[in-house]
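Let's have the full structure, built from the sequences with the hints guiding it.
Protein chains in written order, with UniProt numbering: chain A, 1 to 286; chain B, 1 to 248.
Hint data in this document are derived by calculation from the structure and do not stem from the laboratory.
Incorrect hints may appear among the rest.
Here are the computed lysine-lysine pairs in the DSBU-like style, where the Cα-Cα straight-line distance is at most 35 Å [stated by the list, open to error]:
1) K159/A to K186/A
2) K32/B to K80/A
3) K206/B to K185/A
4) K80/A to K54/B
5) K185/A to K57/B
6) K174/A to K224/B
7) K57/B to K162/A
8) K162/A to K198/B
9) K185/A to K7/B
10) K132/B to K162/A
Residues from chain A shown here face chain B by an in silico Cβ test under 7 Å; the list is partial [unchecked claim]:
11) T161
12) K162
13) I182
A virtual CB, placed ideally from N, CA and C, is assigned to each residue, including glycine.
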Amino acid sequence: MELLINIFVNGLATGMLIFLLAAGLTLIFGLMDVLNFAHGGLFVWGAFAAVWTYTATDSFMLAILGALLTGVVLGFVTEKLIIAPVYGNHVQQILITLGFMLVLTEMIKVVFGPNQLAAGVPSYLAGSFEIGDVILIKYRLFIIVTGFVVFALIQFILKRTKIGLIVRAGVLNKDMVQALGIHIKKVFLYTFIAGAALAAFGGALMAPYSGVVYAEMGLEFGILAFIVVVIGGMGSLPGSLFAAILVGLAGSFMAYYVPDLSLAVNMILMAIVLIFRPQGLFAARG
Amino acid sequence: MTFMQTKDLTIQFGGHTAVDHVSFTLPEKQFKSVIGPNGAGKTTFFNLLSGELKPTKGEIFYKGESLRGVSAVDRTRLGIGRSYQITNVFPNLTVFENVRLAVQSKSKIRYPFWKSAHSYHELAEETHELLKQVLLDNKAQLFASQLSHGEKRKLEIAMLLALDTEVLLLDEPTAGMSLEEVPAILNVIHSIKEQGTKTILLIEHKMDMILDLSDSIMVLFNGKLLADGTPGEIMENETVQQAYLGGY
Ligand SMILES: Nc1ncnc2c1ncn2[C@@H]1O[C@H](COP(=O)(O)OP(=O)(O)OP(=O)(O)O)[C@@H](O)[C@H]1O
Ligand SMILES: [Mg+2]
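Structure, rendered in structure tokens:
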């Protein structure tokens with residue numbers, strides 16, 4: 001029982017980190033119709049920015065802020081220089097964002113050095129709760145709670161604000177939104193920056209969770225987030241949350257019971273969804 | 001200064017000329033209908049005016065200024081609003097949200113810096129007024145996808161009215177409607193006309209409706225402007241009779 005709970009909590013925490021990455025990715029795809037393979041690069045930059053700031057200041061709060069700032073700046077630059085020129089052309093998007101992903105990964109090594117960095121957990125989030133026989137690691141619970149809070153926050157923005165209404169409408173029909181006199185390109189930029197900030201935030205939370213950060217983790221998590229977006233349905237936020245938890249749990253149970261399959265399981269999940277529901281589990285466009 | 005006009009407006013798709021050297025003028029506050037057989041180029045003409053298509057040749061003027069290079073979004077912001085021949089609403093948003101989106105866009109265009117002018121409450125109130133006007137206020141919380149075809153068209157009109165543009169381009173607002181649904185739309189269009197604040201261009205096939213509403217009628221045939229005049233003139237025009245109105 002204790003083991004099951006631990007595997008479950010572990011999977012849930014991993015799922016939430018993937019969700020932070022996938023949330024931006026799914027909105028960027030749903031709204032802007034952009035395939036962004038550089039999204040993992042924003043995640044890894046967030047992770048390194050956080051670790052660097054944490055080492056320099058010893059403040060977890062400042063580390064998170066540093067990651068968010070990095071995400072916002074990188075998001076702005078990426079949208080303007082990399083994404084905006086290739087709107088409407090998927091092939092070009094794949095080529096240029098894959099290329100940019102490699103650049104972002106290599107730049108990590110240039111700026112922070114080629115070795116992995118150790119990342120610490122702030123003292124107030126270190127340790128664990130013991131409930132009977134069950135030991136729950138505090139930081140994992142923190143990630144899970146944060147994930148749900150972020151989900152609720154994004155849902156609130158989408159459902160209750162003016163910009164949220166524009167985004168939801170834009171996911172359904174961009175041309176119609178423009179016919180209403182709304183400059184959707186500006187909304188694209190804001191959405192991209194928000195998605196980049198979320199990815200960087202995910203990276204910042206990831207660092208103390210895994211204990212180390214290394215340049216290639218962006219690629220690894222970027223692929224997981226992409227699988228999640230496909231399973232959940234491109235453009236659907238609840239879909240991404242559901243799929244991220246699914247992928248997180250599947251990964252953590254498989255890693256324990258059938259370790260040989262733990263990498264393949266996500267691909268298998270995605271293949272099954274693509275065969276039976278190609279639009280994803282929670283397709284945004286009806 | 002003519003309110004709106006085109007000069008030699010032309011567009012070709014491959015070898016086919018869908019709109020062919022059309023020069024027309026639309027005085028302010030006039031109600032003009034566009035008629036012509038299927039494939040005559042009416043919708044394409046609208047797409048050129050609204051900026052969704054770029055002309056191969058020719059020019060559009062609005063309040064004396066050329067619209068060359070002005071995007072579709074900016075034309076809406078300048079005051080040219082349109083509805084579509086194919087129903088065009090956001091299916092997975094509620095009826096209320098569909099209209100509120102248009103209301104909020106208008107208030108942003110009007111008062112880009114004056115935040116207090118579009119509080120959530122005021123936007124909601126204006127949205128409800130518009131829904132009442134098209135008799136959809138009892139369906140506000142349904143998803144647009146749950147509406148009947150006729151109701152969707154009413155919703156579209158409400159969205160267009162929400163934008164409150166000076167020019168309304170209406171592309172067959174009664175297309176695909178059942179006979180019982182037509183009068184409601186007709187009433188809405190009548191009441192817009194009676195308010196006398198809009199310049200309206202209407203594409204329709206229903207002649208009784210056109211004769212009832214129009215100050216002037218233009219006839220397109222094979223992309224060319226065949227005639228343009230008062231309803232009386234058009235009904236008596238022999239070329240028009242032969243080309244299009246045969247049955248009337
Ligand atoms: N994007 C396009 N590409 C190629 N041909 C087009 C395009 N749009 C319209 N056409 C052609 O231009 C001609 C005019 O079409 P249009 O839709 O403007 O006619 P219409 O007068 O609106 O007809 P209807 O009464 O059936 O709505 C048609 O022959 C059509 O096939
Ligand atoms: Mg047409």
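A quick look at each hint next to the structure:
1. K159/A to K186/A: holds (19 Å)
2. K32/B to K80/A: Since the Cα atoms of K32/B and K80/A sit roughly 44 Å apart, the hinted pair is violated (cutoff 35 Å).
3. K206/B to K185/A: violated (39 Å)
4. K80/A to K54/B: Holds, because 26 Å separates the two Cα atoms, which is no more than 35 Å.
5. K185/A to K57/B: Between K185/A and K57/B the Cα gap is close to 28 Å, so the pair holds against 35 Å.
6. K174/A to K224/B: holds (32 Å)
7. K57/B to K162/A: violated (39 Å)
8. K162/A to K198/B: holds (27 Å)
9. K185/A to K7/B: holds (31 Å)
10. K132/B to K162/A: holds (22 Å)
11. T161: violated (9 Å)
12. K162: holds (5 Å)
13. I182: holds (5 Å)
The earlier numbered hints that this structure contradicts are 2, 3, 7, 11.
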